[in-house]
Amino acid sequence: MGYNWNWGIFLQPTATGDDTYLGWMFYGFKMTIALSLSAWLIALALGAVVGVLRTVPNKWLSGLATAYVEIFRNIPLLVQLFLWYFVMPELLPEALGNAFKQTNPIMQQFVASMVCLALFTSARVAEQVRSGINSLPPGQKNAGLAMGFTLPQTYRYVMLPMAVRLIVPPLTSEFLNIFKNSAVCSTIGLLELAAQGRQLVDYTAQPYESFIAVTIAYLLINVVVMSGMRWVEEHVRVPGYLGGK
Amino acid sequence: MHEFDWSSIPNALPFLWEGMKISLNITVSAVIFGIVWGTLLALMRLSPIKPLSWFAAGYVNLFRAIPLVMVLLWFFLIVPHLLESLFGFPRGSDMRLSSAIAGFALFEAAYYSEIIRAGIQSVPKGQMGAASALGMTYGQAMRLVVLPQAFRNMVPLLLTQGIILFQDTSLVYVSALADFFGAAYKVGDRDGRLVELLLFAGAVYFVICFTASRIVRHYQNKLKTA
Numbered sequence: 001m002g003y004n005w006n007w008g009i010f011l012q013p014t015a016t017g018d019d020t021y022l023g024w025m026f027y028g029f030k031m032t033i034a035l036s037l038s039a040w041l042i043a044l045a046l047g048a049v050v051g052v053l054r055t056v057p058n059k060w061l062s063g064l065a066t067a068y069v070e071i072f073r074n075i076p077l078l079v080q081l082f083l084w085y086f087v088m089p090e091l092l093p094e095a096l097g098n099a100f101k102q103t104n105p106i107m108q109q110f111v112a113s114m115v116c117l118a119l120f121t122s123a124r125v126a127e128q129v130r131s132g133i134n135s136l137p138p139g140q141k142n143a144g145l146a147m148g149f150t151l152p153q154t155y156r157y158v159m160l161p162m163a164v165r166l167i168v169p170p171l172t173s174e175f176l177n178i179f180k181n182s183a184v185c186s187t188i189g190l191l192e193l194a195a196q197g198r199q200l201v202d203y204t205a206q207p208y209e210s211f212i213a214v215t216i217a218y219l220l221i222n223v224v225v226m227s228g229m230r231w232v233e234e235h236v237r238v239p240g241y242l243g244g245k
Numbered sequence: 001m002h003e004f005d006w007s008s009i010p011n012a013l014p015f016l017w018e019g020m021k022i023s024l025n026i027t028v029s030a031v032i033f034g035i036v037w038g039t040l041l042a043l044m045r046l047s048p049i050k051p052l053s054w055f056a057a058g059y060v061n062l063f064r065a066i067p068l069v070m071v072l073l074w075f076f077l078i079v080p081h082l083l084e085s086l087f088g089f090p091r092g093s094d095m096r097l098s099s100a101i102a103g104f105a106l107f108e109a110a111y112y113s114e115i116i117r118a119g120i121q122s123v124p125k126g127q128m129g130a131a132s133a134l135g136m137t138y139g140q141a142m143r144l145v146v147l148p149q150a151f152r153n154m155v156p157l158l159l160t161q162g163i164i165l166f167q168d169t170s171l172v173y174v175s176a177l178a179d180f181f182g183a184a185y186k187v188g189d190r191d192g193r194l195v196e197l198l199l200f201a202g203a204v205y206f207v208i209c210f211t212a213s214r215i216v217r218h219y220q221n222k223l224k225t226a
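First to last, the protein sequences are chains A and B. Sequential numbering from 1 applies to the first sequence in UniProt numbering. Sequential numbering from 1 applies to the second sequence in UniProt numbering.
In short, the hints are calculated from the structure, not lab data.
Below, computed lysine to any residue pairings styled on SDA-like, alpha-carbon distance capped at 20 Å:
no., chain 1, residue 1, chain 2, residue 2
1, B, Lys186, A, Ile188
2, B, Lys186, A, Thr187
3, B, Lys224, A, Ser131
4, B, Lys224, A, Asn134
5, A, Lys101, B, Arg193
6, B, Lys186, A, Glu90
7, B, Lys186, A, Trp84
8, A, Lys101, B, Asp189
9, A, Lys30, A, Ala213
Chain A with its partners taken away, still in its complex shape (with noise of 0.2 Å):
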């Protein structure tokens, strides 16, 4: 079909001259990785709250909770990501919006990327982690109240440790969306791995080899990141339940 393969561009020197091909590559690898990374953490973080909150007995607490969730999971991401970009900065107080708008850009584009993925994110891991509290046997905060706990302290040192482990498999999956979800922020210009495969078919005009080349990256993050957590979920197994030791 007439097509001229060259694995060889990516070790050229980039048209700007700073960077061979290969590094661009490398740039956008280590912005995905970081971007996604970063977003998890604050997605664990806050949908571990969520999610607890969404299974208290108080009416308020878990009402809150569940718009929370609703609202992060039924807005398109990429929506999601433009209202977070364009119009967050507009709708704080000025001072603040000003200050955010005169950052570095490429500060601009992380950081409202992290926000996002990690918000939409921790949409999804509150249902997991309720959905792990809500396996539990009811004899098992019944018991802890029952010896006397308070219900922060059922949470604490009765549910919260096993539901953990429970949802180890389901978070799995979370994890893996997470750096696949990242690539929509190149839609705001950010240089994560997919915009860099986008910028190398520009400037190289060898698309398959950049698209190859990107979409090898992806499976690899996948690859590792499932093995990484198949290695944590052996070491966390609850012993008598399904797929337990």
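Using the hints, position chain B against chain A.
Coordinates of chain B only, in the frame set by chain A:
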């Protein structure tokens, strides 16, 4: 603080509705093709013929490992050129809508096939045995006994996946195709009212998806008690 001005939305409604039709078109087509292709993949995956099952497993794992944005970029930037050179389509013909539908359908099929595979496996083994005892072939037993029961249980999950797909159609933004979100962005950009248009788009998506997921949940509860 930002001064809101919503006045550009009423005039833009017809244009936004055109965009919404494109979003819905992509969603419905991709759901239908995705379920058909996903069912075939699930049957391949469960089939005793090893190469078929390997192919299906490879396909599903590949598509589930790469971001949807990458799949769409492949379909917008590369597949049209490939088709042009392979089948001699006229250069530069606008294939963005069909590319989008094809990309979404092939991508979603991987997710549908996992739902359908779980659905088929949830049908008790005795059903297959009983069908064979009645003299049905494997194909007949699948088609007349196993799949109807499997699909009945899967409907809520398939619909939920459809809602996710509807949200994901906004990603055709990468091809500048004017779906609902693309249309809203264009209007906002043109009138300098991006804040209002983006908030409006978010609200519309929320109302549609929230209502749809409520209906699915209602149906799911009815199914449970039936």
